[in-house]
Amino acid sequence: MNGAGGSHQQQQQRLRQQQQQQQALLMQQALQQQQQYQSGVLAAATAAAMTQMEPISNGNLPPGFDPSTCRSVYVGNVNPNVTETLLIEVFQSAGLVERCKLIRKEKSSFGFVDYYDRRSAALAIMTLHGRHIYGQAIKVNWAYASTQREDTSGHFHIFVGDLSSEVNDATLYACFSAYPSCSDARVMWDNKTGRSRGYGFVSFRNQQEAETAITEMTGKWLGSRQIRCNWATKNNSEEKPETDNHNAVVLTNGGSSNSATDASLDGGSKENPENNPDCTTVYVGNLGHEVETK
352 MNGAGGSHQQ
362 QQQRLRQQQQ
372 QQQALLMQQA
382 LQQQQQYQSG
392 VLAAATAAAM
402 TQMEPISNGN
412 LPPGFDPSTC
422 RSVYVGNVNP
432 NVTETLLIEV
442 FQSAGLVERC
452 KLIRKEKSSF
462 GFVDYYDRRS
472 AALAIMTLHG
482 RHIYGQAIKV
492 NWAYASTQRE
502 DTSGHFHIFV
512 GDLSSEVNDA
522 TLYACFSAYP
532 SCSDARVMWD
542 NKTGRSRGYG
552 FVSFRNQQEA
562 ETAITEMTGK
572 WLGSRQIRCN
582 WATKNNSEEK
592 PETDNHNAVV
602 LTNGGSSNSA
612 TDASLDGGSK
622 ENPENNPDCT
632 TVYVGNLGHE
642 VETK
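With the working numbering, letter number 1 in the sequence shown gets 352, and the count goes up by one each step, no holes.
Just so you know, these hints were derived from the structure itself, not from any lab.
We put the beta carbon where it would ideally sit given N, CA and C, even for glycine.
Worth double-checking, as some hints may not be accurate.
Straight line, CA to CA, 30 angstroms or less: simulated DSS-like cross-link-like pairs of lysine-lysine [claimed, not checked]:
#: 1; residue 1: Lys543; residue 2: Lys458
#: 2; residue 1: Lys452; residue 2: Lys543
#: 3; residue 1: Lys456; residue 2: Lys543
If you anchor each label on the Cβ, the simulated ranges turn out as follows [stated by the list, open to error]:
#: 4; residue 1: Pro531; residue 2: Lys571; range: 15 to 23 angstroms
#: 5; residue 1: Met378; residue 2: Lys458; range: 54 to 62 angstroms
#: 6; residue 1: Glu562; residue 2: Ser516; range: 22 to 30 angstroms
#: 7; residue 1: Lys543; residue 2: Thr434; range: 17 to 25 angstroms
#: 8; residue 1: Asn432; residue 2: Gln577; range: 38 to 46 angstroms
#: 9; residue 1: Gln364; residue 2: Ser444; range: 48 to 56 angstroms
#: 10; residue 1: Arg365; residue 2: Ile439; range: 54 to 62 angstroms
#: 11; residue 1: Gln368; residue 2: Leu447; range: 45 to 53 angstroms
#: 12; residue 1: Glu517; residue 2: Lys543; range: 13 to 21 angstroms
#: 13; residue 1: Thr434; residue 2: Gly481; range: 16 to 24 angstroms
#: 14; residue 1: Arg546; residue 2: Gln372; range: 53 to 61 angstroms
#: 15; residue 1: Leu376; residue 2: Thr434; range: 45 to 53 angstroms
#: 16; residue 1: Gln443; residue 2: Gln372; range: 36 to 44 angstroms
#: 17; residue 1: Lys543; residue 2: Gln379; range: 49 to 57 angstroms
Construct the complete structure from the given sequences, taking the supplied hints into account.
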């Protein structure tokens with residue numbers, strides 16, 4: 352009897368184990384199905400979102416540039432310690448990389464990444480612009496041939512200050528594109544932080560339109576701030592402040608310049624500004640976002 356009873360208990364135990372295994376298997380299958388469903392929904396939602404999203408043009412694109420067929424991105428402000436292998440590894444997060452070219456420089460390198468499809472390039476711009484690699488915020492934007500940008504060396508350049516942090520090249524150009532001779536617009540960026548310095552330059556083919564823009568656009572709202580316009584002044588190579596010193600105060604004399612070699616990116620005057628009675632404007636850079644115009 353004891354042997355028969357023990358055999359019966361063993362059978363019941365095996366039966367319970369089989370039932371538990373079956374339940375565990377069913378639970379596992381149910382979880383897998385749920386995960387597959389959620390992954391499918393997420394993938395579909397991501398794909399739908401990607402078809403509607405477009406990266407914001409955050410870099411220096413030539414006016415009228417059409418990125419609809421572009422598969423390549425420009426990568427700027429790259430730390431010299433970054434290698435092509437590391438750059439590929441970073442940019443593969445957006446899609447399969449076809450090729451990568453890194454131009455090594457002593458202080459800041461740059462490069463180009465080619466993808467097999469445009470969507471990967473757009474995703475790279477949206478997700479990798481501003482990412483820090485070895486402490487430097489990289490710049491990512493559409494790559495274009497240098498011949499696509501108009502030569503503005505013979506044009507007239509104006510300074511635009513008090514730009515809010517959200518204004519980029521495309522925004523600045525759109526603001527001044529109402530003037531037919533507007534040929535280019537560039538916001539100055541801090542390579543160390545990846546943020547706008549709060550000012551930029553706009554080029555015009557026609558001097559009269561540039562002068563009109565200075566008069567009409569000063570005090571206009573662009574983004575969250577009122578902008579100020581003046582002629583871009585000639586560069587004083589001897590007294591030009593160091594480019595890394597973004598707290599420098601630069602005097603301007605309101606003179607005009609139509610040469611790319613003379614057009615200053617930091618302001619400055621060819622005459623001694625302290626003794627020049629025409630110097631009535633000062634530029635103060637590197638202001639925090641909490642500072643407001645009074």
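*State the violated hints by number, sorted upward, taking the hints as numbered earlier in the document.*
Every hint satisfied by this model.
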